[in-house]
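Peer 1: Each chain, letter by letter, is given below.
There are 4 protein chains.
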Amino acid sequence: MSLRIGVIGAGAMGAAHVHMLHETVPSARVSEVFDADAARARQVAGSVSGRAAPSALAVVESDEVDAVLIAAPDFTHAELALACIAAGKPVLCEKPLALTAEESRSVVEAEVAGGQQLVQVGFMRRFDPSYRELKQTLTDGRLGEPRLVHHVHRNATSNTSTTDANLITGSMIHEFDLVRWLLDDEVASIAVASPIRDGFRDPQLATIVMMRGTLVSAEVFVNAKYGYDIRCEVVGTSGTASLVPPAHVSTRIGGAEGVPVGADFVVRFATAYQNELRAWTRDALYGVVTGPSAWDGHMANLVAEAGVRALESGTVEQVLLEPAPAFYSEGAR
Amino acid sequence: MSLRIGVIGAGAMGAAHVHMLHETVPSARVSEVFDADAARARQVAGSVSGRAAPSALAVVESDEVDAVLIAAPDFTHAELALACIAAGKPVLCEKPLALTAEESRSVVEAEVAGGQQLVQVGFMRRFDPSYRELKQTLTDGRLGEPRLVHHVHRNATSNTSTTDANLITGSMIHEFDLVRWLLDDEVASIAVASPIRDGFRDPQLATIVMMRGTLVSAEVFVNAKYGYDIRCEVVGTSGTASLVPPAHVSTRIGGAEGVPVGADFVVRFATAYQNELRAWTRDALYGVVTGPSAWDGHMANLVAEAGVRALESGTVEQVLLEPAPAFYSEGAR
Amino acid sequence: MSLRIGVIGAGAMGAAHVHMLHETVPSARVSEVFDADAARARQVAGSVSGRAAPSALAVVESDEVDAVLIAAPDFTHAELALACIAAGKPVLCEKPLALTAEESRSVVEAEVAGGQQLVQVGFMRRFDPSYRELKQTLTDGRLGEPRLVHHVHRNATSNTSTTDANLITGSMIHEFDLVRWLLDDEVASIAVASPIRDGFRDPQLATIVMMRGTLVSAEVFVNAKYGYDIRCEVVGTSGTASLVPPAHVSTRIGGAEGVPVGADFVVRFATAYQNELRAWTRDALYGVVTGPSAWDGHMANLVAEAGVRALESGTVEQVLLEPAPAFYSEGAR
Amino acid sequence: MSLRIGVIGAGAMGAAHVHMLHETVPSARVSEVFDADAARARQVAGSVSGRAAPSALAVVESDEVDAVLIAAPDFTHAELALACIAAGKPVLCEKPLALTAEESRSVVEAEVAGGQQLVQVGFMRRFDPSYRELKQTLTDGRLGEPRLVHHVHRNATSNTSTTDANLITGSMIHEFDLVRWLLDDEVASIAVASPIRDGFRDPQLATIVMMRGTLVSAEVFVNAKYGYDIRCEVVGTSGTASLVPPAHVSTRIGGAEGVPVGADFVVRFATAYQNELRAWTRDALYGVVTGPSAWDGHMANLVAEAGVRALESGTVEQVLLEPAPAFYSEGAR
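So the sequence lines, in the order shown, correspond to chains X, V, C and L. Residue numbering for the first sequence follows my numbering, starting at 1 and increasing by one per position. Residue numbering for the second sequence follows my numbering, starting at 1 and increasing by one per position. Residue numbering for the third sequence follows my numbering, starting at 1 and increasing by one per position. Residue numbering for the fourth sequence follows my numbering, starting at 1 and increasing by one per position.
With the rest of the complex left out, here is chain X (with noise of 0.2 Å):
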């Protein structure tokens, strides 16, 4: 049995899934695409035998289509997210899940009133397998209690971050995602400094510090040049465990040794794409959700506000948490 995908969106990130799920899920079938571009959706749909389609609403609507992936503007999320949980649909949608908490909320409240979880967030680091086996470490005890986390998020040139704000909202959440699902916490307060406004402010440093005292630090630098720079370090009260920069050959060439760094975070997290789409695929043939869930993209979107305040501010902002609702108690995690 397959499950026949609609995909809206067929950007660079959308077509990129479209042929991620064509080559290597089985169980997956791109039936439908739409872009605002339809020469576009014709051409990615019909290079996986799916057909185009006139609409988004048309997809989520389509009698051919079982589950919903949403990789269209980051505006579109929220509405499209609503329409699938209104159509009865499991949906995946590109981080973030809503422009602003207060749409994130609505979400939320949309689908617990629904009475069944069908939403999960593309926060696809939780599949990487580096992230998982670092979590891992975690739980295993080997590192004790976490004390520290240290994140570092660089970009070789800023594409989509372009504002001050972006850079927390649109890059920035991927580290309050997994500080969050690391430490099985939820953030307290965030600081954010940054001096240097080079057309917008970057880089930014975080200070973040959890409910249960674990302190974070967050770097983003969108403009860093020379890669795309993903690293990150738990440090415990009996040990620290970092991720290793991924690397296939080492060269040793005219007085250097070295190893490439890559430019491109599709191809960093290529195996965590592919495995976010293969479990999210079986998890909406057996109608669950265990990937991160529509609370982990509102969680997010909450600390993201608290995060542009403290930019503003200058001061240590409180992250106002709202009470989780049972609904997402056997969620993510």
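Rather than coming from a laboratory, the hints here were simulated on the basis of the structure. One should not assume that every hint holds.
The list treats identical chains as interchangeable, and a pair is accepted whether it falls inside one copy or across any two copies.
As the list claims (entries may be wrong) - In silico lysine to aspartate or glutamate, DMTMM-like type, Cα no more than 25 Å apart, as pairs:
| # | residue 1 | residue 2 |
| --- | --- | --- |
| 1 | 89 | 23 |
| 2 | 225 | 133 |
| 3 | 225 | 140 |
| 4 | 135 | 264 |
| 5 | 225 | 185 |
| 6 | 225 | 145 |
| 7 | 89 | 185 |
| 8 | 225 | 184 |
| 9 | 135 | 184 |
| 10 | 89 | 74 |
These figures come from a predicted structure and were not determined experimentally.
Given the coordinates of chain X, assemble chains V, C and L onto it according to the supplied hints.
Peer 2: Same frame as chain X, now just chains V, C and L:
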């Protein structure tokens, strides 16, 4: 369109192939499985909605089988490959292609006589991303002309290699194939040193000279205890390149920094196996062979036979090369 | 010509200095040693053919002493440095130069009034080959303009730092000096987060903003258990550079690859200490100070005081910079 | 008390020794220097307040010289070492001890006849902290019984080794000494492969079998272009240990992560040379030899001669071991 695959041999390796085909290769479908242990065959076939076949030849000849994967014991390989050629069906045969060079030569001759390339040999390391990047680094010219290749091939414990010759014909044969593929050159001579006999001779250290003069060392040590460890370095006139040991997370605990060393070749080469199966499935649907050919399998056998002679004689043994049939000229790479 | 050195304080650090001077600095001779424990002083002095002195001031004033090394408890530093200035003798004073910025200011004022630079402060990391190469990499322009510096400073156990403020004034003070030296810039503000109180607040995470906008994080964790771990990364607009953890031998044993992590700062910085002593001895013979000056010691104290205020207030504290006396303009760097 | 040292040969290596003695070994004093180039000798001697000597023998016989360091051309080593023995003075002789095993045997015989151990050979790698830790790891038993040793010895360009035999007698001789020292075992046989003649045969790959069966590979490549690269791995029955390439700072710039690879053996082994000189000076003051002895120098020559025969014959050559005089039984290790 799916490729219906019959799998002969449902031991650890055969079952692993069945599950990888099922979970990661959308255009493949395992339709039949044979194993000498019928219950085992039923169980493995059932797990992927295939059916058990009454005999190996029944798999080869079945109307429900478009292509055959041979993962049965080594002594059956040549005979089953010949049956596939007779049936005109594509076949992926685990290494070695045959127990002797005489046998592998007969497979080559049958394939040439049949006029169609059908046989691929399971030298899966050619599909490993690290080895491919290593070859690319050399092909790009960044290393200059190759002068040396160093191979290390260590197993934690000797599961299958338990005779002096086994270390060469069962383990080192991977390095024989790799060096031909990496250097696009043939082996001219081989010497093997192995003074310690601990049940059987282990470790063994081969010195190989290629036709164009590149020097190759190949160490096989099948009781290295500490883990499964595969290394390869290519040294050229302007630089050197080495495989980077795979690792996801590095820890610092109790006065030591470190990463885990795997114990298992299936884990180490998981991506290689998936790439191999995906490429072979695509090729079989197109009716071509672009992976390691019957000729590559035969050449590896020729080198292995010279290696066994060298181990016994204690001197340098020449590899008596045979001219490659033009049939294979657009073959393996 | 030898420099006759009087050493005040023969504890672990003082004795280590005495032996390093004796064994690795040909132009130095330890002529006198004072310690509150007279037997200890005799023993340490005797091991290098020096003699024990009856008091600290006797060392400073002795005709047999050309230059003084202060390794006595922190509270004595300022007074002894002032005595050396009064005696017109070069002095290498272990950090901190004084317990308070008020005290260190008085040392600066006395030195300026005396008209001759005599004081070097024991910020030995400036003499570490790795930190020097890091600074050189930045100075060469290969990293572009500095944007971030990340410091990690971990001890296996807290020997000396046992109050909240100690982690800043005793440990993090190294990072305050380093960042001034690496960036050739002054600290503008500091915030310190440290939610966990386990006896005292540990770990502590400082966020520093430099006058030219470079962001600095500095983690101090004095109960990290697993070892002594010092890291530093400088991130610029065109690249990043990090200290490489020191290691001589890597092992693969029992399923793990690894290198030892040292437990001891004397071992980690052995070369730095030797370089420091060799350079200071040479400078003292020439009558100059090219290492970290009294002004550098005072500046580090000013930042540390702001850090302690920040830890208490939970907010960003400005560092009230004082104008540097022209006297030091051809100083340390 | 100082050791007054006469240095014979003030070329690059000799001058480096003079300056290291002067700057880092307090108990040493370079009193005389001879070089065939008298101006050179005056300049080097003058830089350390020594004086130039009129001849090599004048150095050996001078009343101002307690011990002799030979850094003159290789062909002079044996004769000068014999002169030092005749004069009863400790001597540190750069490797090789002599051009032939016949010559080195005569030095051994003279030393034995004289009844006092006086000669140390400049196998400085025994004093390198990394090699020492490697040996310690093996001696501790953590690796189990040794089974393999892999050596790599690469120079960026061939300065001195310019004949087929030079690569063995001038370069690989370090590895011959190291393997004896690391394994506390003697070489039984050696084979050398080197098919490429580019002016002279380079690279060369030796396979050595030790008396207790340990297998050793030794690669020498003196035109590796990319840098000076020394590696060593010891593989035992329960684990493996390797030298870690030295590096201070790692950078990520322009899509590449890397560390510099040195070009120079004096830099790579700076600490080894200093340790060697410090230990030899101390030993000479005490009248003992604990470093590599004349016997070690002779044994390395014996292996090198077998290596040169093996390179010419293309077969395995036995090393005709001679019984070690009891005189050396409390020697180097």
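Peer 1: Sort out which numbered hints this structure fails and list those numbers smallest first.
Peer 2: 7
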